[in-house]
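Number of protein chains: 2
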Amino acid sequence: MSSFPKGFTSCSINAGIKDDTLDFTIIYSEVRAAAAAMFTKNQFCGAPIVIGKKHVADGYLQAIAVNSKNANVATGEKGLQDAVKVTEVVAQELSINATDVLPSSTGVIGVPLPVEKIISAVPGLKQQLTADGLEQSAKAIMTTDTYPKFRTRKIGNVTISAMAKGSGMIEPNMATMLSYILTDAKIEPADLQSMLKKAVDVSFNSVSVDGDTSTSDTVAMLANGLAGSVDLKEFEKALTEICIELAKEIARDGEGATKLVEVQVSGADTDLVAKKIGKSIVNSPLVKTAIFGEDPNWGRIMSTIGNSEDKIDTSSVSVAFNEMYVFKDGKPTEDKRAELEEYLKTKEVLIKISLGHGTGSATVWGCDLSYDYVKINGEYTT
Amino acid sequence: MSSFPKGFTSCSINAGIKDDTLDFTIIYSEVRAAAAAMFTKNQFCGAPIVIGKKHVADGYLQAIAVNSKNANVATGEKGLQDAVKVTEVVAQELSINATDVLPSSTGVIGVPLPVEKIISAVPGLKQQLTADGLEQSAKAIMTTDTYPKFRTRKIGNVTISAMAKGSGMIEPNMATMLSYILTDAKIEPADLQSMLKKAVDVSFNSVSVDGDTSTSDTVAMLANGLAGSVDLKEFEKALTEICIELAKEIARDGEGATKLVEVQVSGADTDLVAKKIGKSIVNSPLVKTAIFGEDPNWGRIMSTIGNSEDKIDTSSVSVAFNEMYVFKDGKPTEDKRAELEEYLKTKEVLIKISLGHGTGSATVWGCDLSYDYVKINGEYTT
Numbered sequence: 003m004s005s006f007p008k009g010f011t012s013c014s015i016n017a018g019i020k021d022d023t024l025d026f027t028i029i030y031s032e033v034r035a036a037a038a039a040m041f042t043k044n045q046f047c048g049a050p051i052v053i054g055k056k057h058v059a060d061g062y063l064q065a066i067a068v069n070s071k072n073a074n075v076a077t078g079e080k081g082l083q084d085a086v087k088v089t090e091v092v093a094q095e096l097s098i099n100a101t102d103v104l105p106s107s108t109g110v111i112g113v114p115l116p117v118e119k120i121i122s123a124v125p126g127l128k129q130q131l132t133a134d135g136l137e138q139s140a141k142a143i144m145t146t147d148t149y150p151k152f153r154t155r156k157i158g159n160v161t162i163s164a165m166a167k168g169s170g171m172i173e174p175n176m177a178t179m180l181s182y183i184l185t186d187a188k189i190e191p192a193d194l195q196s197m198l199k200k201a202v203d204v205s206f207n208s209v210s211v212d213g214d215t216s217t218s219d220t221v222a223m224l225a226n227g228l229a230g231s232v233d234l235k236e237f238e239k240a241l242t243e244i245c246i247e248l249a250k251e252i253a254r255d256g257e258g259a260t261k262l263v264e265v266q267v268s269g270a271d272t273d274l275v276a277k278k279i280g281k282s283i284v285n286s287p288l289v290k291t292a293i294f295g296e297d298p299n300w301g302r303i304m305s306t307i308g309n310s311e312d313k314i315d316t317s318s319v320s321v322a323f324n325e326m327y328v329f330k331d332g333k334p335t336e337d338k339r340a341e342l343e344e345y346l347k348t349k350e351v352l353i354k355i356s357l358g359h360g361t362g363s364a365t366v367w368g369c370d371l372s373y374d375y376v377k378i379n380g381e382y383t384t
Numbered sequence: 003m004s005s006f007p008k009g010f011t012s013c014s015i016n017a018g019i020k021d022d023t024l025d026f027t028i029i030y031s032e033v034r035a036a037a038a039a040m041f042t043k044n045q046f047c048g049a050p051i052v053i054g055k056k057h058v059a060d061g062y063l064q065a066i067a068v069n070s071k072n073a074n075v076a077t078g079e080k081g082l083q084d085a086v087k088v089t090e091v092v093a094q095e096l097s098i099n100a101t102d103v104l105p106s107s108t109g110v111i112g113v114p115l116p117v118e119k120i121i122s123a124v125p126g127l128k129q130q131l132t133a134d135g136l137e138q139s140a141k142a143i144m145t146t147d148t149y150p151k152f153r154t155r156k157i158g159n160v161t162i163s164a165m166a167k168g169s170g171m172i173e174p175n176m177a178t179m180l181s182y183i184l185t186d187a188k189i190e191p192a193d194l195q196s197m198l199k200k201a202v203d204v205s206f207n208s209v210s211v212d213g214d215t216s217t218s219d220t221v222a223m224l225a226n227g228l229a230g231s232v233d234l235k236e237f238e239k240a241l242t243e244i245c246i247e248l249a250k251e252i253a254r255d256g257e258g259a260t261k262l263v264e265v266q267v268s269g270a271d272t273d274l275v276a277k278k279i280g281k282s283i284v285n286s287p288l289v290k291t292a293i294f295g296e297d298p299n300w301g302r303i304m305s306t307i308g309n310s311e312d313k314i315d316t317s318s319v320s321v322a323f324n325e326m327y328v329f330k331d332g333k334p335t336e337d338k339r340a341e342l343e344e345y346l347k348t349k350e351v352l353i354k355i356s357l358g359h360g361t362g363s364a365t366v367w368g369c370d371l372s373y374d375y376v377k378i379n380g381e382y383t384t
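Top to bottom, those sequences are chains A and B. Using the numbering used here, you'd call the opening residue of the first sequence number 3 and step up by one each time. Using the numbering used here, you'd call the opening residue of the second sequence number 3 and step up by one each time.
Hint data in this document are derived by calculation from the structure and do not stem from the laboratory.
No distinction is drawn between identical chains; accordingly, a pair holds when it is met within one copy or between any pair of copies.
Using 16 angstroms as the maximum straight-line C-alpha spacing, the simulated EDC-like pairs for lysine to aspartate or glutamate come out as follows:
1. Lys-333 with Glu-79
2. Lys-43 with Asp-312
3. Lys-80 with Asp-331
4. Lys-278 with Glu-311
5. Lys-56 with Glu-90
6. Lys-250 with Glu-264
7. Lys-43 with Glu-311
8. Lys-347 with Glu-296
9. Lys-119 with Asp-22
10. Lys-278 with Asp-203
11. Lys-347 with Glu-381
Bound conformation, chain A alone (with noise of 0.2 angstroms):
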C-alpha cells in the first residue's frame, strides 16, 4: 500500500522547527516528469507557493520538498528568499536543478521560516531515500491531522500514490490544502493540468471544515512516464475516486471532529448554486454543533438555505436525512425529531437537499464542531 510508483523515493526527517515529530520531507523522481499544480487563491499566500508556481510553469518538476509546523506566510521579502534557499540545497544534494523542486510549507503564519536548521538537515539526505516513504512522507506533512492520509492504485502497469493533510483552516478555494500525487504513467503536463483541475473541483474543492481558505494550499501532480502510457479517461477515473476519497479523509480528520458529513445538493440552477449551498451548510456553525450534539434541530439548515445568495423557491425545496424527510416540498413533514436523534448517533450524517429548480447538483462534505476544535485552535502556538 505505501510503495511509490517506479522511478519515485522519498524520505523524512525531523529538522527541529518546532518539536520532535517529522517535518521535512523530500519526494524525488529519478528522471523529470510532467507536472501540474494548482494552489490557493489566498492573496496573503506563502512565501513557496510564489516560488513554487515559478517553477512548475515551464510543465515540469524532479522534486518536491514540504516542511510542517511554519507556514512562511507572511514572513515578508525574507520569506521568499529563505523558500529559494531550500529549493537550491535540496536541488544541490538531489544533483538537479533547483528549478524543478516545488517548495511546500505549512504550519503556523507570520513566523520566520528557521531556514537554518532546514539547511543543515538536507546534505546526505540523497542515501535515506526510499520506494517506502509514502506512509512517513504522508505524516510529515502533518500539521494537526491525527493521522496520515494517503491511497495507492494500479491502472494497468501504471500506478497513482497520492498523499494529502487538512484539519485546520481547510475551505480549499479553487485550489486544495496540501496534497502530492505522483504516477509514473506517460502522460503530457496539459493532459495532467486538464485532469487534476477536474478532480479537484469535485474532491478537495468540495470539502470545508472550517470555511477559511489557507494561504498554503497546493496540489501538486507529477507523472514521470516510466512505466509507460496509460489509458486517460481510466486514468482519470481512478485518480477523480482517490482525490476524493481524500478529501473525505480529511473531512473525517478535521480539527476536533467526531462526525462526516456529507451533504448532497440537488435541482438546482447550477452546479455551482448547489456546491454554494452544500458548502453553506457545511460551514454553519449552528448546522455543526447541531450535528456533534445530536441534537435534531432540522430548522437551521432551512435558514441555511435560506440565506442563498440564489433565488430559491421556497416552496419546492425538500430535506432529508439519509432517507428521512424532515421537510418536503415547502411543507415540514409530521414530527421526525425521535427518529432524527437516532440517526445522528452514526458516524457519518448525510443530508440530502432537493431544491426543486433545476438539473444542478454537487456533494460536499465536511465535520462536525466540537469542544475539540476550540480547544485545538484556543492553544495553537502557546
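Keeping the supplied structure of chain A fixed, place chain B upon it in accordance with the hints.
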C-alpha cells in the same frame, strides 16, 4: 431607565410556550404611531415576517406582539394562519385593528407555534399594561441571551426607548435581530424609515455572532407623536447611538461569548469592502477561537484578509491590536507575541486594519468562539 415614551405601555407574561419563563409580550401605543421596520433577507423568513411586512406597509402600527421560544418558521400555511390569529386576538383585547399589530416570533425553527396557548393567555392583558414595562418586555423576547438589552434616551421633550435580543444565529443582513424602538416624537413614516435604515446599517447590520442570518430578524420603530416634534438631526444622532450600544451588547452577549471584539477597517476602496473584511474577521472560527484562547496567533487575521473577494495590495496592509502593530506596510513587525498575549487578557479586543488603498472604512463587532457556544448549540432543542 426602564420607563417608556409618552403613550406607550407593555405587559409581559409566561404563556407556557416552552418552559415557565417570560415568553410573550405586548407593546401598545394609545394612539396609532408612525412606523418603520426592516426585516431579514433570509428566503425562509418566518410567518410573522410575512404578515408584519403587510401590516407596516401603510406606515402605521399601534401594537407589537412578540413571543420567544418558537420562531414560527418553516411551518407552512398553518404558520401564516397562526401569525394572523395572534394579531387578531391581540387587536381584539386592545380594541384596535389587527392590521395595526406587528407580530414577531423567535426561537426554534420548524416546530408548529402552540398558538392556542397564546390565544388563551391574551384576554385580560390590557389591564396589565404598564408604563414601566421596558425591562420586562426586553426579558420576554430573550432566547439564549443572558441579560435583557434596553436603552432609554431623552432629546428635549422627546424620549426614545429601545430593546433588543440577540445571542445566536446572528448576522443581520440589511435587517436585524429583534429590536423594537419606541418614541413619542412626531416624525413622518418616510423620515422614520430613512433614519432607521441609516442607524441600522452602522449598528445591528455591523454585528455578527456566528455568520448565520436568522429567519426572524426584525427591527421596528414606532413614533406616536405625543411629545411633539423634535430636531431630526439630534434625534437621528441619539437613535444611531442607541442602536450601536444595543448592537455591541448583542455581540458581548453572543452565545458563549467571553470577549467583545471590535474590528476597525480603514483604507479600503469603499465602505462596503471595509465592512466585508471586518465581518470576515469576526466570523473566522480560527480568529475567534484564538481570541477565546488568548493565543497571539495574528497570522490568522492575515489569512482572513487575504481571502477577500476584493483585490488587496498586500504590501500596504497594516494590522494592530489596539495600538500595537504586529504587521506594518506589508511586513511583520518585530515579534510582539508576549505583549500581545498580555493584551488578549482584556474583555474587549480591538483590532485595527489598514488596507492603505482608499478612504473606505467600517467598524464591526463580534465575539469569541468558546466551549459554551458549542455546548449551547449542541443541546438547543433537546
